[in-house]
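These protein sequence lines map, in sequence, to chains P and E. Heads up, the first sequence is in our numbering, so the first residue is 1 and it goes up one at a time. Heads up, the second sequence is in our numbering, so the first residue is 1 and it goes up one at a time.
These are computed hints drawn from the structure, not numbers from a lab. Wrong hints could be hidden among the right ones.
Part of the chain P face toward chain E, derived, beta carbon under 7 Å [said to hold, decoys possible]: (1) Asp90; (2) Leu94; (3) Leu122; (4) Asn123.
Straight line, CA to CA, 20 Å or less: simulated EDC-like cross-link-like pairs of lysine to aspartate or glutamate [to be verified]: (5) P:Lys103 - P:Glu126; (6) P:Lys102 - E:Glu64; (7) E:Lys18 - P:Glu71; (8) P:Lys25 - E:Glu84; (9) E:Lys170 - P:Glu126; (10) E:Lys207 - E:Asp166; (11) E:Lys176 - P:Asp90; (12) E:Lys170 - E:Asp193; (13) E:Lys18 - P:Glu64.
For each residue, glycine too, the CB sits at the ideal point set by N, CA and C.
Residues per chain are reported as follows:
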Amino acid sequence: MHELSLAQSLITQILALAAEHGACKVSRVVVTLGPFSGVVRDSFEFGFSILKQEQEPVRDAHLELETPDPEYRCLDCGKVAVIPFPRQSDRLELARCGLATKKCPWCGSNRLSPQGGTELILNQLEME
Amino acid sequence: MCDTCGCQLHEHHRHDTKVVEVNRSLLEANQKQAESNRHHIEHMGALAINLISSPGSGKTTLLERTIDALKASCAIGVIEGDIETERDADRIRAKGVPAVQLTTGGACHLDAPMVHGGLHVLEHFAKGRPFDLIFIENVGNLVCPATFDLGEHRRVVLLSTPEGSDKPAKYPATFKSADLVLITKSDLLPHFDFSVEEAASQARLLKPELEILTLSATTGDGFATWLAYLRQLLAQRSPHVH
Numbered sequence: 001m002h003e004l005s006l007a008q009s010l011i012t013q014i015l016a017l018a019a020e021h022g023a024c025k026v027s028r029v030v031v032t033l034g035p036f037s038g039v040v041r042d043s044f045e046f047g048f049s050i051l052k053q054e055q056e057p058v059r060d061a062h063l064e065l066e067t068p069d070p071e072y073r074c075l076d077c078g079k080v081a082v083i084p085f086p087r088q089s090d091r092l093e094l095a096r097c098g099l100a101t102k103k104c105p106w107c108g109s110n111r112l113s114p115q116g117g118t119e120l121i122l123n124q125l126e127m128e
Numbered sequence: 001m002c003d004t005c006g007c008q009l010h011e012h013h014r015h016d017t018k019v020v021e022v023n024r025s026l027l028e029a030n031q032k033q034a035e036s037n038r039h040h041i042e043h044m045g046a047l048a049i050n051l052i053s054s055p056g057s058g059k060t061t062l063l064e065r066t067i068d069a070l071k072a073s074c075a076i077g078v079i080e081g082d083i084e085t086e087r088d089a090d091r092i093r094a095k096g097v098p099a100v101q102l103t104t105g106g107a108c109h110l111d112a113p114m115v116h117g118g119l120h121v122l123e124h125f126a127k128g129r130p131f132d133l134i135f136i137e138n139v140g141n142l143v144c145p146a147t148f149d150l151g152e153h154r155r156v157v158l159l160s161t162p163e164g165s166d167k168p169a170k171y172p173a174t175f176k177s178a179d180l181v182l183i184t185k186s187d188l189l190p191h192f193d194f195s196v197e198e199a200a201s202q203a204r205l206l207k208p209e210l211e212i213l214t215l216s217a218t219t220g221d222g223f224a225t226w227l228a229y230l231r232q233l234l235a236q237r238s239p240h241v242h
């Protein structure tokens with residue numbers, strides 16, 4: 001539910017930048033949501049789409065979300081691996097086949113420790 | 001009429017598109033306020049601890065017993081975060097320690113600007129007397145509070161035995177952000193299917209160097225180690241200006 005406050009701070013940031021650059025309209029917003037940021041993509045998009053209606057300069061802004069794949073360090077062999085989250089639609093199937101637990105691609109251990117990935121970044125704005 | 005900007009003054013005209021590379025955190029405003037809170041707290045002479053857990057895992061009870069044990073030797077202040085009611089602040093005040101209740105009116109976490117307001121009220125209550133230790137009890141929630149730095153010096157996450165030892169695996173962002181995990185209500189261990197070992201190994205998967213203590217605020221088991229942790233923090237405080 002904190003996605004709404006984050007969407008609000010994004011809009012505040014955008015409005016300040018638009019004013020700073022003398023733009024009257026923002027058309028595109030590019031944001032990175034780290035895989036371990038604890039932010040739910042859909043809720044964040046929903047929050048943004050609601051809140052942008054209240055502000056003329058961002059009303060038509062298109063939000064582009066970049067979500068990098070998660071990175072893990074294996075606590076057994078020490079190697080780092082990028083292991084994408086399974087798609088929501090594949091999760092049940094994976095669980096049914098007993099593959100729901102992710103494993104280190106190098107040594108097969110399941111002691112994988114998430115690395116970084118907590119970033120929430122406003123990368124780029126396109127404005128007119 | 002120009003159908004891009006909607007103005008009535010002229011026909012359609014060219015609108016220049018400008019792409020600006022920003023590369024700034026969405027939490028920038030909160031982060032700045034958090035840094036300023038940390039400075040503010042140090043200026044008050046204190047260290048701050050942000051207590052995070054789900055509702056009912058014993059944050060306020062932990063504080064009551066901690067206050068009983070430490071109030072003779074150290075000046076404590078408490079900022080309580082809840083969606084509604086002054087109940088928690090009242091419990092703390094009953095222990096003779098100043099407490100500020102922040103009611104978020106629905107918000108699921110505290111943020112740095114709210115705590116900033118709380119610090120000023122706390123200073124006002126204490127009439128300028130310095131503090132040693134400020135506890136910030138976050139809104140009971142294992143999800144949202146993790147994202148917001150409040151200006152604390154240590155983040156302590158509580159996990160009570162009735163909640164189950166799978167919680168670190170289920171709420172990784174929160175446990176990964178902790179400096180210390182307290183497994184509370186250890187007196188209930190015989191009655192619940194809770195494995196301290198499982199909770200600890202799951203939490204240390206997220207953060208291998210994480211400190212974990214087990215205690216009961218009801219019986220006092222393990223409490224001495226927690227108090228020693230706090231005393232050690234206080235002893236390490238850098239010299240400050242009042």
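Hints, one by one, checked against the model:
Checking aspartate 90 (chain P) against chain E by beta carbon gives a least distance of about 20 Å; that is not within 7 Å, so the hint is violated. With a least beta-carbon distance of about 17 Å to chain E, the hint placing leucine 94 (chain P) at the interface is violated under the 7 Å criterion. Interface restraint check: leucine 122 (chain P) against chain E, minimum CB-CB distance 5 Å, threshold 7 Å, status holds. At about 6 Å, the closest approach between the beta carbon of asparagine 123 (chain P) and any beta carbon in chain E falls short of 7 Å, and the interface hint on this residue holds.
Restraint check for lysine 103 (chain P) and glutamate 126 (chain P): the C-alpha separation of about 40 Å exceeds 20 Å, so the hint is violated. Taking the CA atoms of lysine 102 (chain P) and glutamate 64 (chain E), the gap is near 42 Å; set against the 20 Å cutoff, the hint is violated. The hinted pair formed by lysine 18 (chain E) and glutamate 71 (chain P) fails the criterion: a straight-line CA distance of about 34 Å is larger than 20 Å. The suggested pairing of lysine 25 (chain P) with glutamate 84 (chain E) is violated, with an alpha-carbon distance near 39 Å, which exceeds 20 Å.
With a C-alpha separation of about 38 Å, the suggested pair lysine 170 (chain E) and glutamate 126 (chain P) falls outside the 20 Å cut-off, and the hint is violated. With a C-alpha separation of about 15 Å, the suggested pairing of lysine 207 (chain E) with aspartate 166 (chain E) holds against the 20 Å cut-off. A distance of roughly 27 Å separates the Cα atoms of lysine 176 (chain E) and aspartate 90 (chain P); the hinted pair therefore is violated under the 20 Å criterion. Between the alpha carbons of lysine 170 (chain E) and aspartate 193 (chain E) the distance comes to roughly 17 Å, so the proposed pair stays at or under 20 Å and holds.
Restraint check for lysine 18 (chain E) and glutamate 64 (chain P): the C-alpha separation of about 17 Å stays at or below 20 Å, so the hint holds.
In summary, the numbered hints that this structure violates are 1, 2, 5, 6, 7, 8, 9, 11.
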